[in-house]
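Protein chains in written order, with our numbering: chain A, 18 to 312; chain B, 12 to 839; chain C, 24 to 171; chain D, 7 to 171.
A portion of the hints provided could be inaccurate.
Claimed, not checked - Listed next, with one range per pair, are the computed distances between beta-carbon atoms: (1) Asp-63(C) <-> Val-79(B): 18 to 26 Å; (2) Ala-279(A) <-> Ser-128(C): 14 to 22 Å; (3) Glu-142(B) <-> Ala-128(D): 36 to 44 Å; (4) Glu-129(D) <-> Pro-623(B): 54 to 62 Å.
What the hints assert, rightly or not - Partial list, computed: chain A residues near chain D (C-beta under 8 Å): (5) Met-18; (6) Ala-21; (7) Ala-22; (8) Leu-67; (9) Asp-69; (10) Val-119; (11) Asp-207.
It should be emphasised that the hints constitute simulated quantities derived from the structure, not laboratory data. We put the CB at the ideal spot given by N, CA and C, even for glycine.
Below, each chain spelled out in residue letters.
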Amino acid sequence: MLLAATEYVRPASVEEALDALRANAGARVLAGGQTLINVLKHRAASVALLVDVSRLAELRFIDVRGDGSATIGAATTYAELERSAELRAAQPVIGEVAAGTVDRQVRARGTIGGNACFADAASNYPPLLVALDASMEIAGPGGRRSVPAAEFFLGLYRTAVEPGELLAAITLPPLSGAGVGYRSLQIAADSWALARAVAWVRGSATIEAARVVLGCVAGTPVRAAATEALLVGGPASAEAVSAAAAVAGEGLEPPSDVHASAGYRREMAAVMAKRALLDAIGGATHSQTTTRGGG
Amino acid sequence: MSTPTGETTYYPEVEQSERLGAWSGKSVPRKEDKRLLKGQGAFVDDLWMHRQGHVHFVRSPYAHARIVSIDVSRAEAVPGVYATLTGEEVGVLQQPFFQMAPEPAGLMKDYCMAVGKARYMGEPVACVLAESAELARDAGALVEVVYEPLEVVVDGIATIEAQAPVLHEEIGSNVAWHGLYDFGDVDWALEHADHVVRIDRLHFHRFSSTPLETTGALVNWDPGTGVVEFRSNNQMPMFAAMFIGPAIGLGIDHMQFSSQDIGGGFGIKITSYTYLTALALLSRKAGRPVKWSESRWEHLAASAHGNERTFLDIEVPVMSDGTILGFKVRAFDDAGAYLRYEPLGAVIWSQVVPGNYRFKHVRVDYTETLTNKCPVGPNRGYSRLQHLWLIERIVDIVAKELNFDRVALRKLNYVQPEEFPYETPNGCVYDSGDYPAMLDLALELIDHDAWRERQLASAGSGKRIGIGIGSTLDSGTNNFGQSRIINSALPFSGNGEAAVVRLDLYGEVTVTIGTSPQGQGHETTAAQVTADILGCSPDQVHVVAGYNKAANTYVGFSGTYASQFAVTGLGAVMGAAERLRGEIVKVGACMLGAEESDIELADGFVRLAANPEAAIPFIGIAATVFANVAELPGELADSVTLNCRYVYRPPFTVPDHETKRGKLTLTYASQVHAAVVEVDDETGQVTILDYAAVDECGRKVNPKIVEGQVHGATGHGIGAALYETFEYDGDGQLLNATFGDYHAATSLDVPHIRTGEIECPSPFTPNGAKGMGEGGGAPLSTIASAIEDALPVGAHIVYDTHNNSERVHELLRSAAQAGPRGVEVISR
Amino acid sequence: MNVSGETTVAAGREELWAVLSDPERLARALPGAADVTVEDETHFSAVAHPITALGETRVAMEFEITEARPGEFVRIAGSGSSGENLIALSVALTLASEGEGTKASWQAELFARGVMASLLQRGLGELLREQVDAVLAAGALISGAGHS
Amino acid sequence: MATEGAVHAIDVTVNGTSHTLAVPARRLLVHFIRETLGLRGTHIGCDTGNCGACSVICDGQLIKSCMMLAVQADGCEIETIESLGEGMDGLDPIQEAFKEHHGLQCGYCTPGIVLNAKTLLAENPHPTEAEIRRALKGNICRCTGYVNIIRSIEAAAGAQGEVTR
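One chain only, chain A, in its complex shape (with noise of 0.2 Å):
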C-alpha cells in the first residue's frame, strides 16, 4: 500500500528535532516506525512532515544504576532491550516484554518509546511502566519535564506529550525486590492482546504495597483500585490474592470488537489479573512471559 505524500528529516540532534517539531504545526516523530507507517499506509492520518530520531544517541542507550534504577531512551529498540544483561539483571520484566512484542523484525526497530507515545490500548508497555511507576522524561522547546507514568496516557493515542514535544526516556525506579507479573489473554498462541494485567506486589509474608493495572480494557492502563485495596495489609497467598483479583474489572467498560466482546474481556482482565498476581507473589522479580503483542 502507498502513502500519502508527506516530508521527511533527520535531525542531527534532540535540539533540531524540537525545532523542526516546532517550525511545522504538522509534524510528528518517527521513531521505529513499526505502527506510524502502517498508520500512513492506510491514510488513517495524515502528517505533513516525518522527523526521524530513530538513529540519535541521546534518545538510544540503556543505562541501569547500582542500586537497579535504570534510564531508557526512548528510541531504544526491542532488540536492545532484549539483549541488555545490566537490565535483565535489574528489571527483567522489560526485556522479557521486549523479548516477546510481534516479531523479531518488528523488534529490530520497533522503540520503546513509540511504543509508549502511540498507546493503543493493546500496547504492551503501557500497563507495565504505570505498574512499575516509570517516570516519563518529555523534551520540548522549554526544557525537560518529568511525568509519571499514570499520568502519561491520557486516551486513547493520546499522552502527556504536547505537540512540540517528543519522549525522550524512561526512567524505572529500582524494584527492590518486588514481584511482577505480566499476562496476557492473545489472540492465537502470540498476536493482539485481548486482556491484559500487570500486577506489581511489595512483601513477602503480609502484602505491603501493590499496583495491579489492567490494558485492552480502556483508552488508557486503568488501575485496579478495588484490587489493589482488598490486596494491601492482607497476605500473600493464593487465596487472597484470587479474591482480590475477582473484583479487578468491576465498574470497566471495555470495547467490543471482532474478537471479544467487552464482557468477556472484562471478565478475562480479572482472570489475567489473577494470573499475574500468582506469579508477582511467586516471588519472581519477572513475570511468566507467555504473554505478547501491541507494539
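Chain A is fixed; fit chains B, C and D onto it per the hints.
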C-alpha cells in the same frame, strides 16, 4: 486394501501403465525450487510493460447503496492521471456476465464494477489509471461518489424472508438456487430407527485460504490486432475466458492468457475474471497497458470468500447397535452478493453425500442465498468440506448422546475396505480406500490411549484435554456434467486436460500442459512420468513453466483446481509421452534396421534390447526427422511429428437432472485426522498438543509433494477452526480487513503435523493416483471434535466451525447453565 | 456501534443547552474544528482535525440538530468522510441540573464504513467518548460558566 | 495532494553495490528495492507488516522493508534474497536445505523466510524447534503449514557441522 474386482460395472477397464516406477513414486527435488529460492520467480507483480499505467480501484464503503452519481473530473485533472473508468461506463461497454444459475437467479446482471448499485462493502465503483501507483491512489481519493444508502442484509437465512431488502431487483428475491436432494427413504428410516437424534443448528463459517500473493494483472488491449493480453495470476484461465469473452465481445482467439509463478491460489484466484474484465476495458479506453496489484485489505474484502453454510433441523435415525441410517437437513449456503462460480457449490457437495459412511437415506433441502457480503468463490475443499463437517459433527454428537465410543461408531459405519468400489445413494462411485486402518493409524500416531489416561488425570487442573477425530474425503476430477443438476440447460459434461510432449530439434524433451500451477510442483511430477515413459532422466525433460495460452495446449477444462492434476494433467502427459515414444521407436527401429519390438528406450537413447551398443541418442532421432529427413522412407517421414498432443478424458457420462444421480467424480482421496487439544478452563483458549494426519491418495507420484500438500491443507483447516474468520457487522462492514484482524495462522499456531501413509491405488486412473491437495477439511472436523471432547458434561454441542477463545468460554460455561444444549434424542 | 457516557460540567443547564442547540456556538465547541459553515439554525458543516499520536486526521462533517427540547434534550446527527472512509453518528444528550452544574447523559450510535470499520473497531467508541466530553467541556466554557 | 514533495538523495548499499539515488519521502523501502532497483525477489503480501514477505537484512538485522521508508535506509547495508548463492544458479546451504526438504511450495513467502533463517542461524547456529517457530513468527506461509520450513532450517543448522537440539 480394495480389490478393484467389478470396477467395470462402474467404469470401462483402465489400463495402467507399467512403465512408471523408475522416477514416479520417488521424492525427486522440485525443478521449480531453484528460481523460487533465488528470488528469480516471475510473479504477476514482477512483470511490466512499456507505457504501462497503474490502476487504483475506488470502492464502495457501503454494503448496499444506490450510486447516485460519480464525478471523476477532479481525479482526471491531476497531472499524471491517464484515464478513469466508472460503473456507468461499464454498464454500456459490458454485457452482464454469463450466469450458470437457472432463472430467476440466472437473470442476475453482474458487471465487473458496480453499475447503479453497490451490493457489498469494497465493491469497485470506479477506477483510476495513472503514471504511478501512488498517484493513482492519490487521484482515487478525488473521485466523488454520491451514494444513497439502502437497507443491508447479512444473514444468509433471514435474507430470504419477505421483509429483507432484495439485492437484485431482476431476480425478485435473494434466493440464488433451491433444490431437494432426496436419496433412499429418510422418512422410513426416521420412522423405524431406535433413536432419532435432533440437532437444531450447525454453522460453517466464512473464511479464505488467503494466498500470500494477492490478485493482480497486467492487461494490454492491443488496438492494432484487437488481441487482449492478460498476464495474471488467474488459476483457471479457460474458465475466466468463458465469462470475459462474451461480456466484452472477445473470441478466445483474441484473448491471450499467461502466468508463470502464482503465489498461491487455493481456488480464490478462479473468479478474478471480473477484475480482468475491468482492466481490459480500462486498457482499451486509455490505449495503454494497465497494471493492478490488489492490496491485502482489498483482497480480504473484495476478492472471494469461501462458502458460509448453515444447517437447520438435522434429524438422524440411529439403530440401537449404532448403525446410522442417514440424516435429513435443511442447508442454507450464503453466496454473498453475486454468483461468480455459484451455484455450482449447490451440487458439488453431493460428490460426498454420505461422507466416509454407509448412510443409505439422505435428504438435503438445499437453498443458496444472496447477501450484502463479498461474493464467494471456490476455496480449498470447496463445498464438500462444509457437508463433510456436518457429517462428522453428526457422528460425534450421536456418539456422545447415545453413549457410543466414537472410534467404534466410526468403524461400524465407515464404508468397509472390501466394499470398494462403493456406490453412494446418489450414484457416485468411491474408487478405493481403507478408512478403519487409517483411523487406527491416526490414533496410534497421537498415542490415543495414553492421552485418554492423561485426560482423566488432568481433571480439575484447570486445563481440560480433548481428543478429536475427523474423517473426510477429497473428491478429485469433477464430472462437469453435474452442473446440469443445478441447471439442465448448461452445455457442460465430463472433464479432461491436454498436454503436448515433443522431441525438439536438438533432442530436448519438452512438455507443455494446460494447467496453471500455484506451487503444486507440476514441472517436477510431469517430468517424472515423462522420464519414466521415455526412458530418460527428469533432468532431460523441460516442462515449460506456468501457463501460456499461445504456447501451451489446452481444453475448456484446463486449469489447476479440484484436486485433479495427478489424474487429468498427468494422464494427458502420459498419453502424449506414449505417443512420442511410439514415434521415437518407429524412427529408431528404421534407423537401426530393426523391428520396433527389438527397441528399448533407456538413458536418453534408442537402442536394441539385445545389443545396447547399437544405440542412437534422442538428438539423433530429432536431427534426422527435422534436418535429415531424406534419409527416412517417405511414409515414415510423413507419419511422425515428434510433437505429440494427447487429451486425457475421464470415462464420464452425463448425470441425471431429475434424480440428481450420477458419477460426479472419478477419485476419492481420503483423510482421517486426530488431534489432542488443551482447553484453558478460565479463558477458553485452545492449544493443540498433538496432531496427526493420515491422508490416502492412491499411488503417489512424488511423496514429498503429497506430504507438503497435506501439511498445507491441515494448516488452513487449523487456522480456520481457531483463528481465521470473516465477520460482518449488521451494517455489512467487514471486521477482518487486515491480517491483524484476519489472523492468518503463524508458525506458532500450526503445530507439528505427524503424517501416516496408507496407499490404495485407484482402479479408475491410468497411474493409480488419485488427485489430492484440497483435503476434505478434516482439521475443521477434528478440532471441533476435540473441543467437544474437552467440554464438561452437560455443555452445549460445538455448533460452529470457528471456535475462538470467547466461543469456547461460552461452551464451557453452558454446562453450568442447564439451558438448551442444541440437541435432543427421541428413543422408541 | 453504540456508545454512551455521562459527564458533569460546571455550566447551567439552560446555558449549556443553548450552546448545544446553536450551530454557530456548537461548531466552536468541536475540538480542532475548522472551515465552519453555518447554513441555518439546525445545519452546519465543519472540518474536524482530531489530533492523536497517529497524526492529524481530517474529517469533513455535516451536522444537523435533528431534535431539541429546550433546556433538557438535544439530538445531533453528523455524517462525513475521512479519505476513503465514511463516518456517521447520532448523539442524543439529556441534560439535568446537578448543583451549580449540569449532568449530561448521552447515547450515541456510530457507524464507520470502509477499511476503518475494521482498523478502528476497538478505538472508535473510545475516541467518540473523548470527543463528546471535549465538546461538553468546551460548551461549558463557551456558555460563559467558566471552567469545569 | 498529488505532489511528491521534495526528493532526498540517499546512499544505500544493496547486495554489495552502493547506490546514490533520489527518492521521495513517501517511498517505502520495499518499493525502492522492487521498482527502483528492480530486485523482484522481495515480495509484498499484506500492507500491515504481518506477513514478512518483504523481509530483508538491514545492517545485519532482519527487518520488514514495507515498514521502513527508503530515506531511512540512507547509509545502510541492505541484503536481499538476490545476494544468496553463487551466480545465476548457485544455492547457498540454506537454500539447498529448503530444496532438499520441500520447504517451499508457491515460493512467494520463500525469500523472506530464507533470509529469516539466515539471520537466525547467524545468531543461533543450533536452534530448537521452538526457537525456530518463534523466529519465524513474523513470516506467514500459506502453503506449507510450516512443517517442512522448520525441517529445512533444522537441516541447514545440522549442515553447519553440529547437531541441532
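Here is how each hint holds up against the structure:
1. Asp-63(C) <-> Val-79(B): 18 to 26 Å: holds, 23 Å
2. Ala-279(A) <-> Ser-128(C): 14 to 22 Å: With a Cβ separation near 19 Å, Ala-279(A) and Ser-128(C) satisfy 14 to 22 Å, so the hint holds.
3. Glu-142(B) <-> Ala-128(D): 36 to 44 Å: Check passed, 41 Å falls within 36 to 44 Å.
4. Glu-129(D) <-> Pro-623(B): 54 to 62 Å: holds, 55 Å
5. Met-18: holds, 4 Å
6. Ala-21: holds, 7 Å
7. Ala-22: It holds, given that the least Cβ distance between Ala-22(A) and chain D is near 5 Å, below 8 Å.
8. Leu-67: holds, 7 Å
9. Asp-69: holds, 6 Å
10. Val-119: Where the cut-off is 8 Å and the nearest Cβ of chain D is about 7 Å from Val-119(A), the hint holds.
11. Asp-207: This interface hint holds because 6 Å falls under the 8 Å limit.
The structure agrees with every numbered hint stated previously.
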